[in-house]
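Starting from the given sequences, assemble the full structure and let the hints guide the process.
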Amino acid sequence: HKSIEVKMTDERGDAQTIAFLTGSYPDIYGMSVAPKEMQGQEMLIVNTPKASTMFMNMAGMKIKKSTSLEQMGNQYNMEDKMPEEGDFEYKKTGNTKTIIGYLCEEVKVDYNYTNSKGSVSFWLSKDFPIQNKAIPMLGMKMNNPNFSGFVLEMNTIQNGKKFTIEVTNVSDKNVTINTS
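Residue numbers (our numbering): 524 to 703.
Treat the hints as calculated values from the structure; they're not laboratory data.
All figures in this text were calculated on a predicted structure; none of them were measured in a lab.
One should not assume that every hint holds.
[Claimed, not checked] Here are the computed lysine-lysine pairs in the BS3-like style, where the Cα-Cα straight-line distance is at most 25 Å:
#	residue 1	residue 2
1	LYS530	LYS649
2	LYS530	LYS685
3	LYS587	LYS573
4	LYS614	LYS631
5	LYS696	LYS525
6	LYS585	LYS573
7	LYS614	LYS587
8	LYS684	LYS640
9	LYS696	LYS684
10	LYS614	LYS649
11	LYS685	LYS525
12	LYS585	LYS615
13	LYS631	LYS685
14	LYS640	LYS573
15	LYS525	LYS615
16	LYS530	LYS631
17	LYS696	LYS587
18	LYS684	LYS614
19	LYS525	LYS684
20	LYS615	LYS649
21	LYS620	LYS530
22	LYS620	LYS631
23	LYS620	LYS573
24	LYS649	LYS631
Right, here's the structure in full:
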């Protein structure tokens, strides 16, 4: 069981950290979020192929709320940060760098549509011990022939605005949820 800490930074430089929790099942993962506005309260979201269940402990009240994926829609879907399939290509740039001890290679996409122009750089590691395909953005759509490996960093520039997602830490972590 692993915890993958991911830092997301938007164009204003505001950063938020999310921990993805992986376990024995490749299509189930957890997300642990502690937004600033929740003042130290942690929210845990468990995602399965069928539903998303949120567990919160707020001011001593324990809350559990399940949402089926149809109901949820694209709330957590980061696809809008991704160029749509179409007239662009994935280019291996030949650039490499080491992120938290794993060698990564860069795959870059440049795109230019009527209303949006930009680029995305993915830093992929084949050596990363977790290849959980379900994790949005990082495990990526693994049926994409351009990707082999896990994304440890992604830099998006869209219409001049920068957005970065980076894996900052991986650790062993066991989280047990008492659903009663």
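Structure-inconsistent hints, enumerated in ascending order: The structure conflicts with hints 7, 9, 11, 12, 14, 15, 19, 23, although it agrees with all the remaining ones.
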